[in-house]
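A.B. asks: In order, the protein sequences belong to chains A and B.
Residue 1 is where the first sequence starts when you use the numbering used here, and the numbers rise one by one after that.
Residue 256 is where the second sequence starts when you use the numbering used here, and the numbers rise one by one after that.
To be clear, the hints were calculated from the coordinates, so they are not data collected in a lab.
These figures come from a predicted structure and were not determined experimentally.
Each hint should be verified, as a subset may be incorrect.
Pulled a few chain B residues facing chain A out of the computed Cβ check, cut under 7 Å [said to hold, decoys possible]:
| no. | residue |
| --- | --- |
| 1 | Val274 |
| 2 | Met304 |
| 3 | Val311 |
| 4 | Tyr333 |
| 5 | Glu342 |
| 6 | Thr350 |
| 7 | Arg360 |
| 8 | Met364 |
| 9 | Ile369 |
| 10 | Phe451 |
| 11 | Met452 |
Sample of chain B residues at the chain A side, in silico, Cβ under 10 Å [what the hints assert, rightly or not]:
| no. | residue |
| --- | --- |
| 12 | Val308 |
| 13 | Leu310 |
| 14 | Thr314 |
| 15 | Asp346 |
We put the beta carbon where it would ideally sit given N, CA and C, even for glycine.
Spelled out from the first residue to the last, the chains are:
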Amino acid sequence: MNTFFSDWFYLSIRNIKLIWRPLLALLPPFFMPIFFFAVNSLSLSSFAKVPGFPDVSYKDFIAPVAIFTAIFFSAGNAGIELVQDIQSGYFKKLIIMPINRLSIVLAKLTEIAVQSIGQGIIMLVLLLIWGVKIQAGFTGVLAIFGMLILFAMAWSCIGMISALRTQNARLVQSLFILVFPLLYLTTSQSPRELLPTTFATITDYNPVTYIIEGIRALILNGWGSSDITYGFLAAAGMFVVLVSLTLMSFKKALK
Amino acid sequence: MQKNIIEVKKISKTYTGDVKAVKNVSFEVKEGEFFGFLGPNGAGKSTTMNMLVNLVKKTSGKILIDGIDLDENPDEIYKRVGFAMQEVGLDEVATAREMLQLHGRLYHMPKADIDEQIKKLLKLVELEKVADKFTSTYSGGMRRRFDLALSLIHKPKILFLDEPTQGLDPHARQLIWGHIKQLNKEGMTIFLTTHFMDEAENLCERIAIMDKGQIVTMGSPEQLKKKHHAKNLEEVFLKTTGSNLGNEEINKNAADPYTRARG
Numbered sequence: 001m002n003t004f005f006s007d008w009f010y011l012s013i014r015n016i017k018l019i020w021r022p023l024l025a026l027l028p029p030f031f032m033p034i035f036f037f038a039v040n041s042l043s044l045s046s047f048a049k050v051p052g053f054p055d056v057s058y059k060d061f062i063a064p065v066a067i068f069t070a071i072f073f074s075a076g077n078a079g080i081e082l083v084q085d086i087q088s089g090y091f092k093k094l095i096i097m098p099i100n101r102l103s104i105v106l107a108k109l110t111e112i113a114v115q116s117i118g119q120g121i122i123m124l125v126l127l128l129i130w131g132v133k134i135q136a137g138f139t140g141v142l143a144i145f146g147m148l149i150l151f152a153m154a155w156s157c158i159g160m161i162s163a164l165r166t167q168n169a170r171l172v173q174s175l176f177i178l179v180f181p182l183l184y185l186t187t188s189q190s191p192r193e194l195l196p197t198t199f200a201t202i203t204d205y206n207p208v209t210y211i212i213e214g215i216r217a218l219i220l221n222g223w224g225s226s227d228i229t230y231g232f233l234a235a236a237g238m239f240v241v242l243v244s245l246t247l248m249s250f251k252k253a254l255k
Numbered sequence: 256m257q258k259n260i261i262e263v264k265k266i267s268k269t270y271t272g273d274v275k276a277v278k279n280v281s282f283e284v285k286e287g288e289f290f291g292f293l294g295p296n297g298a299g300k301s302t303t304m305n306m307l308v309n310l311v312k313k314t315s316g317k318i319l320i321d322g323i324d325l326d327e328n329p330d331e332i333y334k335r336v337g338f339a340m341q342e343v344g345l346d347e348v349a350t351a352r353e354m355l356q357l358h359g360r361l362y363h364m365p366k367a368d369i370d371e372q373i374k375k376l377l378k379l380v381e382l383e384k385v386a387d388k389f390t391s392t393y394s395g396g397m398r399r400r401f402d403l404a405l406s407l408i409h410k411p412k413i414l415f416l417d418e419p420t421q422g423l424d425p426h427a428r429q430l431i432w433g434h435i436k437q438l439n440k441e442g443m444t445i446f447l448t449t450h451f452m453d454e455a456e457n458l459c460e461r462i463a464i465m466d467k468g469q470i471v472t473m474g475s476p477e478q479l480k481k482k483h484h485a486k487n488l489e490e491v492f493l494k495t496t497g498s499n500l501g502n503e504e505i506n507k508n509a510a511d512p513y514t515r516a517r518g
C-alpha cells in the first residue's frame, strides 16, 4: 500500500476506535434529536393543517431535522478531540513521524464520515419505526447520506480550525451554540411560504436550509426536485470551503 | 573515532516581538554518546531540543542529524530519532499494544518487525502484563515507561528525552534510568534534558549547560567540576547560570488563545 494511503488508513482506524470507546459515549447525541422529534411531531402535528403547508404529515416534514441534529452534535466533537490531541502531546508525536501531513486531516474527516453513517443509519431506522416513509427509496437514502456526510465533514472543520488556532477546549466547545442558529434559522420547522418575510430572507442565506430541503425533497417527494441538486451544491460548497480553510490552518499550525 | 551524529551550527530562534529564545548555539554529539542538556527554566533548552526534531522551526543556522540536513530531508530524520516528550500524550482508551502497533505502522515498518519490536520493548519497560489494558489505567511511572517504549518502536539511532523522570518517585526514576542506560549500552545516542543534577551526573558522558539562550559551558561532569572549582554538578550549574525567575519567556506554543492571538 502506498505510504500516503496507509498513513490515512491507520490514522482513520485509530480515530474510529477512539470514538467508539466507550460505546455509551455515542448515545447522548441521539437524545436531543429524538426528544425534539417526538415532542414536535406530536405537539405540532396539527400545524400540517394550516393553509399553505404541503400535503404531508408534520412528522415527515421535520424528519430531516432529526437526522441532521444527531450529525450536528457528534461532528462538532472533532475539534474537541483535536484539542485533546494537541494538549496531551499526541499531535506532536504525529508531526515528528515520517507520515504525510495531509493524512492527519483526512483521517479526521474519515472518522467523521464513518460516525455520520453509523448515526445516520440509527436515526433513519428510528424514523422508519416511527412511521416516516422515504419516497425516493434506497437510492434516496444513499443520496441523503451523501449530503449528510459532506455536511458533517464540513461542520467538523469549524471545530478543527478553532482547535488549531486556539488550542483551547472551552472555546472549541462553545462553538456548540452555532448549532442553534444554523439549524433553526432555516425552513426546518415550517415551509418558507409560512415564514415572516425577514425570517425567510435569512433562511435564504443559510446553506443548511438547502441541505435540509434537499433531504426533505427525497423523503417527501422522491427524485426529480431541484431542491436535491441545491442540497448537494450547498453541502459540497461548505465542504470545499471549510476543508480548504482547515488545511490552511493546519499548515499554519505546523510552522 | 566516533562520528558526529548531531551537528548543530549557529542555530537561533527568534519569536515574534524580537524575543530571542536561542542565540547562535553550536555543538556536536558523538554517535553512541549520552549527552545531557541542562539549564534553568526558560534557558532555551526545550526550544533547542524541539528545533533538533523540527517541532519548532529555527530562525537561522544548520542542523545535521546523522549527516542529513534537517531542512532538506526531515522525513529521513524522523526515522532516525525517537522523542519522549514532557507531555506523555497517550490515547487513553487504547491499549499499549494497540498504540505500539499503530506507531509501527505509521513508521512504515513490516508487520513481523513490529511484532518483534513490541515484544522486545514491552519486556524492556516491564509492561508485558498490562500490554492489553487501556493506558488510562496506568500509573504515572507506567505511562512514562510506556511512552519511552513508544518512542523506540522504530529503532531510532538517537533518543531525545525531555525530563523523562519529572514527577516520578525514586523507584520509578531508577527504573527509567536503568532502561535508558541499557539502550545507551546497546549503542543508542541519548540526548537528555533534566532538572535532576544527580541524574545528569550519573548518566551523562558529556553535558552542555545553557543559560539565556546560549551554551555557557560544556564538557564531561568531571571536566566541568574541575573547570568551575565545584564539588558537584549542582554547584557548576549554580555558578554558571543565573536565576531566570521573573524573567522567563512565555511559552509561545502554549495552549493559551490570548497569547497566541497576540503572537
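A.B. asks: Each hint needs a verdict: does it hold in this structure or not?
C.D. replies: Status of the hints after comparison with the structure:
| no. | hint | in the structure |
| --- | --- | --- |
| 1 | Val274 | violated, 16 Å |
| 2 | Met304 | violated, 11 Å |
| 3 | Val311 | violated, 10 Å |
| 4 | Tyr333 | holds, 4 Å |
| 5 | Glu342 | holds, 3 Å |
| 6 | Thr350 | violated, 10 Å |
| 7 | Arg360 | holds, 4 Å |
| 8 | Met364 | violated, 11 Å |
| 9 | Ile369 | violated, 11 Å |
| 10 | Phe451 | violated, 21 Å |
| 11 | Met452 | violated, 25 Å |
| 12 | Val308 | holds, 5 Å |
| 13 | Leu310 | holds, 6 Å |
| 14 | Thr314 | violated, 12 Å |
| 15 | Asp346 | holds, 6 Å |
In summary, the structure is inconsistent with hints 1, 2, 3, 6, 8, 9, 10, 11, 14 from the numbered list given earlier, while agreeing with the others.
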